[in-house]
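With the hints as constraints, model all of the structure from the sequences given.
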Amino acid sequence: MSLTKYEFRAQFRCTNDACRKTYPLNQVIYSCKACGELLNVEHDLEPLKKIPANEWKSNFETRFRSQTFPYSSGVWGKKEWVLPHLEDENTVTSGEGGTHLYSADRFAKDLGLSGLYVKQCGISHTGSFKDLGMTVLVSQVKQMISEGVPIKAVACASTGDTSAALASYAAKAGIPAIIFLPENKVSNAQLIQPVANGALVLALETDFDGCMALVKEVTKEPSIYLANSMNSLRIEGQKTISVEITQQLGWKVPDWVVIPGGNLGNVSALGMGFELMFELGLIDRLPRIILAQAKNASPLYDSYKKGFAEFKPLTAVKTLASAIQIGDPVSVKKAIRVLQKFNGIVEIATEEELSNAAARGDLYGLYNDPHTGVALAAMLKCKERGEIRDGESVVVISTANGLKFTEFKVAFHEGKISGTDMRLKNSIRPCKANLSSVLEILDSQLQKS
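Going by our numbering, the first residue of the sequence shown is number 76, and it counts up by one from there.
FYI, nobody ran anything at the bench for these hints, they're computed from the structure. Keep in mind that the hints are not guaranteed to be accurate.
Calculated cross-link-like contacts (lysine-lysine; reagent style DSSO-like; alpha-carbon spacing at most 27 Å) [stated by the list, open to error]: (1) Lys96 / Lys132; (2) Lys260 / Lys291; (3) Lys327 / Lys295; (4) Lys491 / Lys456; (5) Lys380 / Lys458; (6) Lys327 / Lys132; (7) Lys184 / Lys227; (8) Lys327 / Lys184; (9) Lys456 / Lys500; (10) Lys327 / Lys393; (11) Lys500 / Lys393; (12) Lys260 / Lys96.
The calculated label-pair distances, taken between Cβ atoms and stated as ranges, are [claimed, not checked]: (13) Ile516 / Leu277: 22 to 30 Å; (14) Glu427 / Val513: 30 to 38 Å; (15) Leu279 / Gln522: 48 to 56 Å; (16) Ile503 / Ser298: 49 to 57 Å; (17) Asp377 / Ile503: 35 to 43 Å; (18) Ala271 / Gly382: 29 to 37 Å; (19) Lys295 / Gly187: 46 to 54 Å; (20) Ile503 / Asn101: 25 to 33 Å.
Positions of the beta carbon are idealized from the N, C-alpha and C atoms, including for glycine.
Here you go:
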């Protein structure tokens with residue numbers, strides 16, 4: 076049965092169940108004009124259901140890491156589930172997706188798990204999972220421009236990774252990019268990426284939430300298109316992470332997925348990916364989800380402890396996990412819906428816990444950024460409490476390449492992060508250039524091991 080035989084359709088729909096107003100995908104809109112709630116991209120399930128589940132699996136497997144354009148992208152290999160109307164000539168891709176599912180088998184054995192996997196979303200063109208959403212958003216913008224929509228630039232607020240992704244994809248498409256960053260709160264590796272790609276970078280004397288407030292004001296001008304995750308086009312690319320994980324596990328669903336959360340778009344995205352697979356019969360159950368927050372920026376955790384009865388934004392305090400230092404996440408209602416449906420847990424990690432967890436994971440061959448450290452710390456706490464049981468399988472989402480946070484790694488191993496476990500610290504040993512000095516150090520170390 077040919078995939079091209081059916082007409083696949085998608086539109087924006089209001090997330091408010093009492094409203095449900097729809098809008099075309101080529102309209103410049105980020106929230107419902109009727110009630111103000113955020114939108115989702117909604118796919119017409121009937122044409123999708125005409126394709127048997129096994130045929131979807133076969134097609135996705137055939138396309139995975141293909142050399143055929145646009146299927147070299149893990150996102151566009153699932154085009155019918157993302158933007159089915161997109162013309163190939165408007166697809167802006169850098170080969171994102173198709174990332175490795177790292178099997179931390181020795182770590183899993185030590186924890187009593189049947190499997191522990193780390194989805195390496197940061198092994199991507201700009202070094203973070205944000206590429207998955209940005210390929211969709213910028214491609215849609217390019218198509219809209221080709222259709223005569225007068226968009227002059229794309230803009231975002233960022234703590235680093237979003238700005239890098241937007242600047243790169245916009246540069247590839249030939250569309251100007253405007254970046255709002257909080258001054259002195261972004262790593263040098265992240266800061267230089269949008270600069271190198273020619274974006275207009277504004278360093279503002281505020282935090283991320285202040286940058287977000289300003290970019291929402293600026294993008295009220297319809298010729299400047301908003302690229303933050305409150306724009307649900309971003310979620311469409313990121314939801315393919317769920318499909319890749321399941322495919323890489325032989326179309327088996329893990330018991331748990333652990334996701335670090337800041338603006339909370341990613342937990343919404345992964346939830347939607349699993350829900351779509353369930354609706355179309357590719358999987359027969361949903362995983363449980365752990366949403367991990369840094370303690371210094373944990374408004375959703377506070378809401379979770381009260382049964383999500385209320386949500387109160389807060390002023391985030393500085394955290395090593397700078398990309399999730401967000402006190403007023405825009406996708407909070409979407410995230411709560413997913414967590415409730417997936418019987419989810421929200422857990423926090425202190426600065427010491429996230430640093431130790433990242434370093435502990437590194438000893439099993441990983442190279443963790445601090446946000447993955449938050450997820451690992453949350454996973455370890457849930458395992459210690461018995462919520463994650465022996466024999467279960469866990470997938471941890473790694474959102475960024477550890478090389479973007481070299482200062483964090485150096486500070487840990489130089490003992491500069493207060494309260495961390497110094498047993499995990501490693502040092503470079505000065506040694507004289509002669510055999511006896513080398514052997515003396517080797518003998519000492521091998522006796523310890």
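Each hint, compared with the structure:
no.: 1; hint: Lys96 / Lys132; result: violated (32 Å)
no.: 2; hint: Lys260 / Lys291; result: holds (20 Å)
no.: 3; hint: Lys327 / Lys295; result: violated (43 Å)
no.: 4; hint: Lys491 / Lys456; result: holds (24 Å)
no.: 5; hint: Lys380 / Lys458; result: holds (19 Å)
no.: 6; hint: Lys327 / Lys132; result: holds (12 Å)
no.: 7; hint: Lys184 / Lys227; result: violated (53 Å)
no.: 8; hint: Lys327 / Lys184; result: holds (20 Å)
no.: 9; hint: Lys456 / Lys500; result: holds (21 Å)
no.: 10; hint: Lys327 / Lys393; result: violated (38 Å)
no.: 11; hint: Lys500 / Lys393; result: holds (23 Å)
no.: 12; hint: Lys260 / Lys96; result: violated (38 Å)
no.: 13; hint: Ile516 / Leu277: 22 to 30 Å; result: violated (50 Å)
no.: 14; hint: Glu427 / Val513: 30 to 38 Å; result: holds (35 Å)
no.: 15; hint: Leu279 / Gln522: 48 to 56 Å; result: holds (54 Å)
no.: 16; hint: Ile503 / Ser298: 49 to 57 Å; result: holds (53 Å)
no.: 17; hint: Asp377 / Ile503: 35 to 43 Å; result: holds (41 Å)
no.: 18; hint: Ala271 / Gly382: 29 to 37 Å; result: violated (46 Å)
no.: 19; hint: Lys295 / Gly187: 46 to 54 Å; result: holds (53 Å)
no.: 20; hint: Ile503 / Asn101: 25 to 33 Å; result: violated (55 Å)
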